[in-house]
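Asker: Using the sequences provided together with the hints, build the complete structure.
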Amino acid sequence: MKQLYSDILANHQKSLIPNSDFSSPLEVTLQFHLMTITQFREVEETLQIAAGISAFWTDGEFSWTPSSYGNAEYVIVPQTTVWTPTLVLLNSVGTLQPLGLGNELSVTIDYNGSTTVSFGEVLSSKCSTNIYKFPFDSQTCELEFAAWGVYARDIRLLAVSNSIDLSSFTPNSDWDLRGIDKNEHSFEIYREKMAKG
1 MKQLYSDILA NHQKSLIPNS DFSSPLEVTL QFHLMTITQF REVEETLQIA AGISAFWTDG
61 EFSWTPSSYG NAEYVIVPQT TVWTPTLVLL NSVGTLQPLG LGNELSVTID YNGSTTVSFG
121 EVLSSKCSTN IYKFPFDSQT CELEFAAWGV YARDIRLLAV SNSIDLSSFT PNSDWDLRGI
181 DKNEHSFEIY REKMAKG
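Residues 1 to 197 (my numbering) make up the sequence shown, in order.
Source of the hints: derived by calculation from the structure; they are not laboratory data.
Note that CB positions come from ideal geometry on N, CA and C, so glycine has one too.
Among the hints, erroneous ones may be present.
Unchecked claim - Ranges between beta-carbon positions, derived for each pair:
#1 Ile76 x Glu27: 20 to 28 Å
#2 Asp174 x Asp154: 36 to 44 Å
#3 Ser128 x Asp174: 15 to 23 Å
#4 Ser24 x Ser128: 44 to 52 Å
Answerer: Below is the structure:
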(Lines of atoms letter the chains of each structure in order from A and count residues from 1; the text may use other names and numbers.)
(Lines give C-alpha, C1' and ligand atoms only; values in the text may rest on other atoms or scores of the structure.)
Protein backbone atom coordinates (compact mmCIF):
# COMPACT_ATOMS: atom_id res chain seq x y z
CA MET A 1 0.00 0.00 0.00
CA LYS A 2 2.93 2.35 0.72
CA GLN A 3 4.25 1.87 -2.81
CA LEU A 4 0.82 2.58 -4.32
CA TYR A 5 0.51 5.74 -2.23
CA SER A 6 3.97 6.91 -3.30
CA ASP A 7 3.42 6.09 -6.97
CA ILE A 8 0.07 7.83 -7.42
CA LEU A 9 1.13 10.97 -5.56
CA ALA A 10 4.63 11.24 -7.05
CA ASN A 11 3.72 13.74 -9.78
CA HIS A 12 0.39 15.00 -8.47
CA GLN A 13 -0.07 18.78 -8.32
CA LYS A 14 -2.85 19.39 -5.78
CA SER A 15 -3.20 23.04 -6.81
CA LEU A 16 -4.25 22.13 -10.38
CA ILE A 17 -7.79 21.12 -11.40
CA PRO A 18 -7.44 17.52 -12.62
CA ASN A 19 -9.06 18.04 -15.99
CA SER A 20 -7.61 16.16 -18.95
CA ASP A 21 -9.68 18.16 -21.49
CA PHE A 22 -9.82 21.89 -20.79
CA SER A 23 -12.18 22.48 -23.72
CA SER A 24 -14.94 21.44 -21.30
CA PRO A 25 -15.26 21.83 -17.52
CA LEU A 26 -14.38 19.11 -15.04
CA GLU A 27 -17.66 17.52 -13.97
CA VAL A 28 -18.06 17.13 -10.22
CA THR A 29 -21.17 15.21 -9.22
CA LEU A 30 -22.77 15.94 -5.85
CA GLN A 31 -24.85 13.60 -3.70
CA PHE A 32 -26.78 15.37 -0.96
CA HIS A 33 -27.55 13.44 2.25
CA LEU A 34 -30.18 15.16 4.41
CA MET A 35 -29.89 14.09 8.06
CA THR A 36 -32.41 16.37 9.79
CA ILE A 37 -34.03 19.77 9.84
CA THR A 38 -32.61 21.11 13.08
CA GLN A 39 -34.29 24.50 13.06
CA PHE A 40 -36.52 26.74 10.99
CA ARG A 41 -37.09 30.32 12.08
CA GLU A 42 -39.92 31.97 10.19
CA VAL A 43 -39.35 35.50 11.49
CA GLU A 44 -35.59 35.44 10.75
CA GLU A 45 -36.25 33.49 7.54
CA THR A 46 -33.50 30.96 8.25
CA LEU A 47 -33.23 27.21 7.88
CA GLN A 48 -30.69 25.06 9.71
CA ILE A 49 -30.09 21.46 8.70
CA ALA A 50 -27.59 18.70 9.34
CA ALA A 51 -26.42 17.24 6.05
CA GLY A 52 -23.67 15.45 4.23
CA ILE A 53 -22.45 16.13 0.72
CA SER A 54 -20.37 13.68 -1.29
CA ALA A 55 -18.47 14.96 -4.33
CA PHE A 56 -17.36 12.60 -7.13
CA TRP A 57 -15.05 13.27 -10.10
CA THR A 58 -12.47 11.48 -12.22
CA ASP A 59 -8.79 12.33 -11.94
CA GLY A 60 -6.96 10.79 -14.88
CA GLU A 61 -3.62 10.93 -13.05
CA PHE A 62 -4.90 8.40 -10.55
CA SER A 63 -5.07 5.03 -12.27
CA TRP A 64 -3.29 1.77 -11.64
CA THR A 65 -3.54 -1.95 -12.23
CA PRO A 66 -4.80 -3.49 -8.98
CA SER A 67 -2.85 -6.75 -9.51
CA SER A 68 0.38 -4.73 -9.48
CA TYR A 69 -0.41 -3.51 -5.96
CA GLY A 70 -1.66 -6.58 -4.08
CA ASN A 71 -5.14 -6.29 -5.70
CA ALA A 72 -5.72 -2.89 -4.08
CA GLU A 73 -8.70 -1.36 -5.89
CA TYR A 74 -8.74 1.88 -3.88
CA VAL A 75 -6.67 3.95 -1.53
CA ILE A 76 -7.75 6.47 1.11
CA VAL A 77 -5.59 9.58 1.44
CA PRO A 78 -5.81 12.80 3.48
CA GLN A 79 -7.63 15.62 1.70
CA THR A 80 -4.58 17.81 2.18
CA THR A 81 -2.56 15.68 -0.28
CA VAL A 82 -4.84 15.89 -3.36
CA TRP A 83 -6.97 18.39 -5.26
CA THR A 84 -10.58 18.62 -4.06
CA PRO A 85 -13.29 21.09 -5.06
CA THR A 86 -13.86 24.02 -2.71
CA LEU A 87 -17.62 23.97 -2.16
CA VAL A 88 -19.59 26.73 -0.45
CA LEU A 89 -23.22 27.34 0.46
CA LEU A 90 -23.95 30.56 -1.44
CA ASN A 91 -27.06 31.54 0.52
CA SER A 92 -25.46 30.91 3.90
CA VAL A 93 -26.66 32.96 6.86
CA GLY A 94 -23.08 33.30 8.10
CA THR A 95 -19.87 33.91 6.24
CA LEU A 96 -19.04 32.07 3.05
CA GLN A 97 -16.56 29.41 3.97
CA PRO A 98 -15.60 26.11 2.37
CA LEU A 99 -17.49 23.00 3.44
CA GLY A 100 -15.36 20.85 5.71
CA LEU A 101 -13.13 23.74 6.78
CA GLY A 102 -11.15 22.76 9.85
CA ASN A 103 -12.07 19.06 9.57
CA GLU A 104 -9.63 16.31 8.73
CA LEU A 105 -11.24 14.78 5.65
CA SER A 106 -10.25 11.73 3.67
CA VAL A 107 -10.44 11.20 -0.08
CA THR A 108 -11.09 7.79 -1.63
CA ILE A 109 -9.35 7.15 -4.96
CA ASP A 110 -10.33 4.12 -7.05
CA TYR A 111 -7.93 2.39 -9.44
CA ASN A 112 -9.79 3.87 -12.44
CA GLY A 113 -9.37 7.47 -11.23
CA SER A 114 -12.82 7.84 -9.64
CA THR A 115 -12.30 10.15 -6.68
CA THR A 116 -14.66 10.91 -3.76
CA VAL A 117 -14.67 13.30 -0.82
CA SER A 118 -17.51 13.67 1.68
CA PHE A 119 -18.35 16.63 3.90
CA GLY A 120 -20.61 16.63 6.96
CA GLU A 121 -22.00 19.99 8.00
CA VAL A 122 -24.63 21.88 9.93
CA LEU A 123 -25.80 24.35 7.29
CA SER A 124 -27.69 27.58 7.96
CA SER A 125 -29.28 29.27 4.96
CA LYS A 126 -31.64 32.09 4.16
CA CYS A 127 -35.18 30.94 3.37
CA SER A 128 -37.90 33.36 2.33
CA THR A 129 -41.05 32.52 4.26
CA ASN A 130 -44.67 32.65 3.27
CA ILE A 131 -46.91 32.73 6.34
CA TYR A 132 -50.13 33.36 4.42
CA LYS A 133 -51.65 30.08 5.70
CA PHE A 134 -50.10 30.20 9.20
CA PRO A 135 -50.21 27.99 11.28
CA PHE A 136 -50.75 25.49 8.43
CA ASP A 137 -48.08 26.99 6.25
CA SER A 138 -45.75 25.27 3.84
CA GLN A 139 -42.27 26.59 3.07
CA THR A 140 -39.85 25.97 0.24
CA CYS A 141 -36.18 26.57 0.98
CA GLU A 142 -33.32 26.55 -1.50
CA LEU A 143 -29.74 25.59 -0.77
CA GLU A 144 -27.37 26.99 -3.39
CA PHE A 145 -23.94 25.38 -3.67
CA ALA A 146 -21.05 26.50 -5.83
CA ALA A 147 -17.44 25.63 -6.50
CA TRP A 148 -15.65 28.63 -5.04
CA GLY A 149 -12.69 30.41 -6.58
CA VAL A 150 -13.05 28.97 -10.08
CA TYR A 151 -14.93 29.88 -13.21
CA ALA A 152 -17.95 27.90 -14.41
CA ARG A 153 -15.90 27.03 -17.50
CA ASP A 154 -13.47 25.15 -15.21
CA ILE A 155 -15.82 23.11 -13.00
CA ARG A 156 -19.43 22.08 -13.56
CA LEU A 157 -21.40 20.82 -10.57
CA LEU A 158 -24.01 18.17 -11.29
CA ALA A 159 -26.53 16.40 -9.08
CA VAL A 160 -26.69 12.61 -9.01
CA SER A 161 -29.47 11.27 -11.20
CA ASN A 162 -31.41 9.74 -8.32
CA SER A 163 -33.05 11.81 -5.62
CA ILE A 164 -31.42 13.20 -2.51
CA ASP A 165 -30.45 10.54 0.02
CA LEU A 166 -32.84 10.37 2.97
CA SER A 167 -31.65 7.00 4.31
CA SER A 168 -30.33 8.66 7.50
CA PHE A 169 -33.04 11.31 7.77
CA THR A 170 -34.52 11.96 11.22
CA PRO A 171 -37.85 13.83 11.15
CA ASN A 172 -38.34 17.16 12.92
CA SER A 173 -41.13 17.38 15.52
CA ASP A 174 -42.39 20.73 14.16
CA TRP A 175 -41.92 20.32 10.41
CA ASP A 176 -42.64 17.54 7.93
CA LEU A 177 -40.50 17.12 4.85
CA ARG A 178 -42.99 17.09 1.94
CA GLY A 179 -40.70 16.89 -1.04
CA ILE A 180 -37.29 17.53 -2.48
CA ASP A 181 -36.34 18.83 -5.89
CA LYS A 182 -32.98 19.35 -7.49
CA ASN A 183 -32.10 21.73 -10.25
CA GLU A 184 -29.01 21.13 -12.40
CA HIS A 185 -27.07 24.26 -13.29
CA SER A 186 -23.48 25.38 -12.94
CA PHE A 187 -24.31 25.35 -9.25
CA GLU A 188 -26.81 23.24 -7.40
CA ILE A 189 -30.08 24.33 -5.91
CA TYR A 190 -31.77 21.87 -3.61
CA ARG A 191 -35.34 22.72 -2.67
CA GLU A 192 -36.79 21.40 0.53
CA LYS A 193 -40.53 21.68 0.89
CA MET A 194 -41.69 21.64 4.48
CA ALA A 195 -45.04 21.90 6.17
CA LYS A 196 -46.01 22.32 9.81
CA GLY A 197 -46.46 18.94 11.44
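Asker: Run every hint past the structure and note whether it holds.
Answerer: Comparing the hints with the structure gives:
{"no.": "1", "hint": "Ile76 x Glu27: 20 to 28 Å", "in the structure": "22 Å, holds"}
{"no.": "2", "hint": "Asp174 x Asp154: 36 to 44 Å", "in the structure": "41 Å, holds"}
{"no.": "3", "hint": "Ser128 x Asp174: 15 to 23 Å", "in the structure": "19 Å, holds"}
{"no.": "4", "hint": "Ser24 x Ser128: 44 to 52 Å", "in the structure": "35 Å, violated"}
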